[in-house]
Amino acid sequence: MTAAPLDPSERSAIVRDSLGVGFATGAYGVSFGAVSVAAGLSVAQTCALSLLMFTGASQFALVGVIAAGGAPVSGALTALLLGTRNTLYGLRLAALLRWTGWRRALAAQILIDESTAMAVTRTSVPAARVGFLTTGASVFVLWNLATLAGAVAGTQLGDPRTYGLDAAVGGAFLALLWPRLRNGRNRVVAVAAAAVALGMVPLSPAGVPVLAAAGVALLAAVLTRGTDPTEIPEARS
Amino acid sequence: MTWLAILVAAAGCYLLKLAGLSVPPRVLERPLVERVADLIPVALLAALVAVQVVGSGHHLVLDARALGLAVAVVLLLLRAPFLAVVFGAALAAALVRLL
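Protein chains in written order, with our numbering: chain A, 1 to 237; chain B, 1 to 99.
Think of the hints as simulated: they come from the structure by calculation, not from any bench.
Every residue gets a Cβ at the ideal spot worked out from N, C-alpha and C, and that includes glycine.
Derived contacts from chain B toward chain A, CB cut-off under 7 Å, selection only:
1) Arg35
2) Val36
3) Ala50
4) Phe82
5) Ala90
Beta-carbon label-pair distances, calculated as ranges:
6) A:Thr162 x B:Pro31: 47 to 57 Å
7) B:Arg97 x A:Ser12: 45 to 55 Å
8) A:Trp102 x B:Leu99: 55 to 65 Å
9) B:Arg26 x A:Asp17: 31 to 41 Å
Let's have the full structure, built from the sequences with the hints guiding it.
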């Protein structure tokens, strides 16, 4: 790992790739905006989630639980549990980005799947920083604009079921889960977690079945041996 | 109540990100902690898929949403982008409800 300045051609290649990922990812904020308004959140609440929470799976989870009739506190807990993976990404990136003070505080807000994926493979500090910042900032700007567009459009629609937006939520969660299903252990955990959640649906208040499924992750982590590196989803551009 | 949940969860999610960049790796970098953190998204996302698609109050029902999910699976197998998967699922459910 070197601290030498980045050569211009490498820099522009990283910027180009990162912007590609940023645009592709940011655009799907449209679906978050539409789904969130369909779940009963206001446009302001929807935009606040994208600005302040800014981590897609947690945002979808919070509105998904509320849409299913769950208490907001269940939605918040599910969002927080999903947010724990960003802590692991941060652990991986800290030595590579080497930011301190206010730079680190700002960088934390754009620490997400995609910015991690575009930084973690770099071999120098400047290259990692360019990949992280370009990806994180472009996703942030587009995700928020797209959220607003989706939310405003969503308020014009009337009954969201007519447009199948309730089915869109399941599709969104599956698309977020999909890259992790290549691993056999993960497929077993996914099936068991889905079964536990469905078994809990008749017995518990809405929102609780999803939280109960986190128990499957705990159990599987205790039962499986061998270390494996933190999974960082591939960024798709 | 919804606003409170949004603000508390957003603050918590930010602190989780900041903690990763700030905490010395040896504090959290343990195999068990890593396995839990890797498996939690898998378990929660799978549970969210299941509950969103067949949950209805305290009942399990198979309706247009299941067809939407089937279309999403096909689109994912075809390596379609995220937006195509999400809106493909919505379109399939909307069309079957029109019939």
